[in-house]
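The numbering of the sequence shown is the UniProt record's numbering, which starts it at 1 and goes up by one.
For the record, the hints were derived by calculation from the structure and aren't laboratory data.
Hints should not be assumed to be uniformly reliable.
[To be verified] Below are the SDA-like pairs computed for lysine to any residue, each with C-alpha atoms no more than 25 Å apart in a straight line:
hint : residue 1 : residue 2
1    : Lys105    : Gly120
2    : Lys59     : Ile154
3    : Lys73     : Phe62
4    : Lys148    : Ile137
5    : Lys59     : Glu138
6    : Lys32     : Lys75
7    : Lys59     : Arg25
8    : Lys73     : Asp116
9    : Lys59     : Glu72
10   : Lys32     : Glu138
11   : Lys73     : Ala149
12   : Lys43     : Trp31
13   : Lys43     : Ser133
14   : Lys59     : Arg14
15   : Lys59     : Asp119
16   : Lys32     : Gly158
17   : Lys73     : Lys105
18   : Lys75     : Arg44
19   : Lys32     : Pro15
20   : Lys32     : Thr135
21   : Lys59     : Pro15
22   : Lys148    : Asp112
23   : Lys59     : Val21
24   : Lys32     : Val45
25   : Lys75     : Ala107
26   : Lys148    : Ala47
27   : Lys32     : Asn52
28   : Lys96     : Glu134
29   : Lys96     : Gln53
30   : Lys96     : Trp51
31   : Lys75     : Pro103
32   : Lys73     : Thr135
33   : Lys32     : Asp94
34   : Lys32     : Gln17
35   : Lys32     : Arg132
36   : Lys75     : Pro38
37   : Lys43     : Glu95
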Amino acid sequence: MPVISRDVAEEAVRPFQEEFVTVVRNAWRDWKEGPFAPTMQCKRVRANVVWNQMLVHSKRVFDGREGITFEEKMKAYRGLLVGGNIFIRMKKADEKLLSRNYPTKSALAYVDQTQDMFDGVARLDMVYQLDRSETEIERIVLVQRHRKAVAWMIDLFGADPVVQNVIPFAEPPAPENGGSVADRIVKPRNKSKDGKQDVSTG
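Taking the hints into account, I'd like the entire structure generated from these sequences.
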């Protein structure tokens with residue numbers, strides 16, 4: 001089963017935590033300083049650019065590093081393989097630390113820990129959460145998802161854990177003014193009218 005305990009995961013990723021934060025923050029910097037932020041019409045563009053740059057920086061930062069490699073799984077998931085048995089994809093998170101996107105069959109399978117997609121390799125998400133104004137990264141967290149909940153989390157950068165969203169998982173489950181142009185054009189996020197939550201592809 002692809003379930004992994006928080007303690008085991010934390011021990012495995014500890015040597016790379018500082019670089020994880022660097023990867024995400026550099027990707028966000030690329031977005032803010034890049035050509036598309038001033039003319040952004042859809043937040044999906046921002047998420048895609050940041051995601052692309054997280055992949056770029058991951059390849060650069062971990063190239064030749066022992067114990068971690070950049071991998072592509074099933075031609076749909078690109079991320080980091082730690083110790084040969086922990087796969088980490090990188091995504092933007094909502095206020096509950098859940099990644100969002102259209103719920104395809106493969107996306108639902110990735111966050112369903114009853115399914116073994118990668119021959120016993122545990123599947124985690126490294127997610128970043130924006131502040132209320134969506135101008136800076138507020139948190140970077142490593143999580144293991146199970147469907148629409150977080151099994152456990154490891155804070156890499158930012159605030160205290162969102163305790164109310166963590167479920168027991170002991171067993172396998174049956175700026176107002178100033179700043180850059182990019183700062184000024186983004187608006188505080190609002191909840192959707194129907195409150196629906198999607199999951200993400202890799």
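Okay, the hints, checked on the actual structure:
no.: 1; hint: Lys105 - Gly120; in the structure: 19 Å, holds
no.: 2; hint: Lys59 - Ile154; in the structure: 22 Å, holds
no.: 3; hint: Lys73 - Phe62; in the structure: 17 Å, holds
no.: 4; hint: Lys148 - Ile137; in the structure: 23 Å, holds
no.: 5; hint: Lys59 - Glu138; in the structure: 24 Å, holds
no.: 6; hint: Lys32 - Lys75; in the structure: 29 Å, violated
no.: 7; hint: Lys59 - Arg25; in the structure: 15 Å, holds
no.: 8; hint: Lys73 - Asp116; in the structure: 13 Å, holds
no.: 9; hint: Lys59 - Glu72; in the structure: 12 Å, holds
no.: 10; hint: Lys32 - Glu138; in the structure: 15 Å, holds
no.: 11; hint: Lys73 - Ala149; in the structure: 23 Å, holds
no.: 12; hint: Lys43 - Trp31; in the structure: 12 Å, holds
no.: 13; hint: Lys43 - Ser133; in the structure: 13 Å, holds
no.: 14; hint: Lys59 - Arg14; in the structure: 18 Å, holds
no.: 15; hint: Lys59 - Asp119; in the structure: 23 Å, holds
no.: 16; hint: Lys32 - Gly158; in the structure: 19 Å, holds
no.: 17; hint: Lys73 - Lys105; in the structure: 15 Å, holds
no.: 18; hint: Lys75 - Arg44; in the structure: 21 Å, holds
no.: 19; hint: Lys32 - Pro15; in the structure: 28 Å, violated
no.: 20; hint: Lys32 - Thr135; in the structure: 9 Å, holds
no.: 21; hint: Lys59 - Pro15; in the structure: 17 Å, holds
no.: 22; hint: Lys148 - Asp112; in the structure: 9 Å, holds
no.: 23; hint: Lys59 - Val21; in the structure: 14 Å, holds
no.: 24; hint: Lys32 - Val45; in the structure: 12 Å, holds
no.: 25; hint: Lys75 - Ala107; in the structure: 13 Å, holds
no.: 26; hint: Lys148 - Ala47; in the structure: 20 Å, holds
no.: 27; hint: Lys32 - Asn52; in the structure: 14 Å, holds
no.: 28; hint: Lys96 - Glu134; in the structure: 15 Å, holds
no.: 29; hint: Lys96 - Gln53; in the structure: 23 Å, holds
no.: 30; hint: Lys96 - Trp51; in the structure: 19 Å, holds
no.: 31; hint: Lys75 - Pro103; in the structure: 17 Å, holds
no.: 32; hint: Lys73 - Thr135; in the structure: 32 Å, violated
no.: 33; hint: Lys32 - Asp94; in the structure: 19 Å, holds
no.: 34; hint: Lys32 - Gln17; in the structure: 23 Å, holds
no.: 35; hint: Lys32 - Arg132; in the structure: 16 Å, holds
no.: 36; hint: Lys75 - Pro38; in the structure: 32 Å, violated
no.: 37; hint: Lys43 - Glu95; in the structure: 16 Å, holds
Figure legend: structure checked against the earlier numbered hints; hints not met, in rising order: 6, 19, 32, 36.
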